[in-house]
Amino acid sequence: MLLSGSGKGQPGAVPGWVGYALLPVLNLLAAFVLSGLVILVIGENPVDVLSLLLSEALGYPEAIGYTLYYTTDYIFTGLAVAIAFHCGLFNIGGEGQAYLGGLGAGLVALALTGWPWPVVAVLAVVASALFGAAWAFIPAWLQAKRGSHIVITTIMFNFIAASIMTWLLVDVLIRPGSQSPETREFDPGVWLPSMDRALGWFGITIPASPLNLSFLWALACCLLFHVFLRRTRWGYELRTVGRNERAAVYAGISPSRNIIVAMLISGALAGFVGVNEILGVQHRVILNFTGGVGFVGIAVALMGRNHPVGIILAALLFGVLAQGGGQLSFEYPTINRELVMVIQGLVILFAGAMENLFKPQVEALFRRRGTAAADAAADAATGGRG
Amino acid sequence: MEDALLLALQLLGATIRVATPLVLAAFAGMYCERAGVVDIGLEGKMLAGAFFSAAVASATLNPWLGLLAGIAAGVALALVHGFACITHNGNQVVSGMAINILVAGLAPTLAYAWFQQGGQTPLLPNQARIPAVELPGVEALSGVPVLGPVYRELLNGNNVLIWVTLVLVIATHWVLYRTRFGLRLRAVGENPAAVDTAGLSVAKLRYQALLVTGVLTGMAGSYLSTGHGAGFVRDMTAGKGYLALAALIFGKWRPGPTLFACLLFAFTDAVQVRLQGVVLPGIGVIPVQFIQMLPYVLTVLLLAGFVGKAIAPKASGIPYVKER
Chain A
1 MLLSGSGKGQ
11 PGAVPGWVGY
21 ALLPVLNLLA
31 AFVLSGLVIL
41 VIGENPVDVL
51 SLLLSEALGY
61 PEAIGYTLYY
71 TTDYIFTGLA
81 VAIAFHCGLF
91 NIGGEGQAYL
101 GGLGAGLVAL
111 ALTGWPWPVV
121 AVLAVVASAL
131 FGAAWAFIPA
141 WLQAKRGSHI
151 VITTIMFNFI
161 AASIMTWLLV
171 DVLIRPGSQS
181 PETREFDPGV
191 WLPSMDRALG
201 WFGITIPASP
211 LNLSFLWALA
221 CCLLFHVFLR
231 RTRWGYELRT
241 VGRNERAAVY
251 AGISPSRNII
261 VAMLISGALA
271 GFVGVNEILG
281 VQHRVILNFT
291 GGVGFVGIAV
301 ALMGRNHPVG
311 IILAALLFGV
321 LAQGGGQLSF
331 EYPTINRELV
341 MVIQGLVILF
351 AGAMENLFKP
361 QVEALFRRRG
371 TAAADAAADA
381 ATGGRG
Chain B
1 MEDALLLALQ
11 LLGATIRVAT
21 PLVLAAFAGM
31 YCERAGVVDI
41 GLEGKMLAGA
51 FFSAAVASAT
61 LNPWLGLLAG
71 IAAGVALALV
81 HGFACITHNG
91 NQVVSGMAIN
101 ILVAGLAPTL
111 AYAWFQQGGQ
121 TPLLPNQARI
131 PAVELPGVEA
141 LSGVPVLGPV
151 YRELLNGNNV
161 LIWVTLVLVI
171 ATHWVLYRTR
181 FGLRLRAVGE
191 NPAAVDTAGL
201 SVAKLRYQAL
211 LVTGVLTGMA
221 GSYLSTGHGA
231 GFVRDMTAGK
241 GYLALAALIF
251 GKWRPGPTLF
261 ACLLFAFTDA
271 VQVRLQGVVL
281 PGIGVIPVQF
291 IQMLPYVLTV
301 LLLAGFVGKA
311 IAPKASGIPY
321 VKER
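Chains as they are written, first to last, in my numbering: chain A, 1 to 386; chain B, 1 to 324.
Rather than coming from a laboratory, the hints here were simulated on the basis of the structure. Be aware that one or more of the hints could be misleading.
[What the hints assert, rightly or not] In silico DSS-like cross-links for lysine-lysine, where the CA-CA straight-line distance does not exceed 27 Å: (1) B:252 to A:359; (2) B:322 to B:204; (3) B:322 to A:145.
[What the hints assert, rightly or not] Here are a few chain B residues that face chain A, going by a calculated C-beta distance under 8 Å: (4) 64; (5) 65; (6) 88.
Since we're looking at a predicted model, the values are computed, not measured. The C-beta atom is built at its ideal place from N, Cα and C for all residues, glycine as well.
All chains, please: the whole structure from these sequences, using the hints.
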């Protein structure tokens with residue numbers, strides 16, 4: 001009797017969209033307000049800067065192509081971080097895994113000169129997945145079998161990957177007779193077609209941009225991600241381990257096996273960045289082509305609440321920031337492209353680390369409103385006598 | 001013999017100069033991690049310290065104001081970390097990551113807007129840099145074998161902050177193991193519920209630890225830009241914050257071993273500079289990159305339990321929520 005459902009005076013339920021829509025938007029707003037303050041400090045008008053950023057990212061077809069090209073990278077790394085999160089793991093190593101993935105894709109493209117591009121593309125996807133997964137495997141195995149903390153080991157593996165890649169590009173894979181540490185350019189026949197070229201086959205003309213077919217693969221990965229997690233036994237096991245490791249053990253699910261599976265998938269997804277960057281855009285293996293995509297992936301996964309649809313939206317947001325922010329320096333001599341990192345950092349801080357900042361107040365607000373509504377309903381049901 | 005001694009002393013001197021910011025940052029991490037707050041944001045705090053000390057030193061031509069500004073920047077970011085992780089029980093790794101990315105963008109952005117020199121501060125004149133300590137009697141001792149060169153090459157002419165760091169290392173050992181504050185700090189990192197039961201505030205202790213972290217990372221940054229270097233340059237810390245984190249783990253979160261790890265990592269760096277392109281008998285040329293990755297490989301091996309065992313403070317990384 002005392003605890004009878006939504007009786008009078010019971011706190012009302014907080015609607016679900018508060019958690020996955022309202023709070024992230026509030027956090028995002030807070031991050032943007034602080035970013036605006038930084039722009040004020042360097043002496044520019046935040047509103048002008050923001051509107052220029054948006055028009056340079058979305059205002060004309062070529063800009064949209066560039067934005068979606070950045071989005072492709074962020075979808076891959078966002079999914080990579082998210083699948084690890086679903087298993088209760090924090091993969092900071094996306095950067096190194098993407099770097100190695102690029103090596104895999106690059107080696108395939110270098111070896112298969114003269115082959116038709118669809119074959120090369122498929123093999124490069126496989127190779128980048130294998131290389132990325134292999135780089136994630138060691139930290140995963142150490143976490144699963146030896147209890148080494150995966151956050152620390154993946155950080156260390158980012159540095160080890162950077163050293164190995166520098167060595168390979170400076171001493172081993174360098175184009176003979178060249179001074180700059182990069183491989184030779186791939187044969188144009190094996191390049192992954194850019195979107196303008198691919199659409200040209202169907203008679204559609206769009207302006208040239210780095211956007212290439214790997215964008216479609218990124219969208220496909222979102223679908224596969226969802227099916228794997230929600231519609232297969234393996235996905236269920238993986239999420240169970242992430243939710244409650246002890247319960248998983250009682251249910252006969254092996255945590256260590258799932259930790260390794262989650263990290264292998266995570267590494268493979270991060271590795272696909274190499275397909276976009278190396279096979280689709282750079283057409284050679286170069287130094288530091290990842291440029292922080294692994295870290296942005298953390299922000300994307302957090303903002304997107306580890307859900308594919310959220311990840312696509314968040315990746316688009318960061319794509320807009322990357323493209324629009326990069327163009328700002330042409331208009332504003334005081335602004336450099338590092339401003340994008342300021343905004344990224346603030347978004348991670350507010351959407352990730354301080355995600356509970358507004359939660360108590362907002363939830364209390366909805367509970368009060370819910371209580372008032374429940375009271376009204378109760379009053380109506382009892383004919384106004386209660 | 002003289003030459004070998006001189007070479008060894010120069011290597012050791014370089015080791016000490018490289019190790020100083022590592023030691024400061026690693027000990028900064030020691031305070032907060034022993035109190036149960038993981039901080040992968042050492043890198044960002046150091047970079048902020050480096051930028052703000054160089055900016056203030058360049059504007060006022062006073063290195064001590066610069067040092068204060070660097071410390072203030074480190075402390076401010078440490079408080080942001082605390083606000084996210086202690087007050088709001090946020091994810092400590094995410095918060096540290098956010099601070100690193102934020103500062104990596106903020107420092108060059110502000111430098112670019114304020115100094116218009118492509119994201120760096122102007123070159124600092126000597127009076128705006130933290131000075132070195134010239135010891136007396138270098139001339140008098142120079143004739144003495146061994147002792148003379150040691151005194152001249154190794155002890156004389158070190159930056160003030162190097163000596164301060166030495167004092168701080170000893171002080172940290174004493175604070176952690178010989179004072180009430182240190183005992184409580186270690187307790188709150190192992191079993192915060194017990195500390196809470198004893199009537200102490202877990203949040204307050206953790207904030208205190210983070211304050212120390214902020215001060216030490218600020219000093220580390222200040223050393224880089226106004227002591228060792230002469231001005232802030234883009235990405236000045238270049239991963240030293242992460243290297244310090246590795247040293248802290250390699251040193252198993254204890255002062256003595258952590259100091260040793262910092263010196264070891266710095267020594268590999270000093271050797272690497274000298275080994276570039278040198279053909280070793282029987283081995284050939286060792287690629288620089290292999291020596292550069294050595295600290296990270298060693299740390300992974302240690303974490304894997306193949307060389308000793310690193311056991312983190314038990315409650316580190318877990319927000320403390322009072323039972324109700």
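What hint numbers does the structure not satisfy?
-> 1, 3, 4, 5
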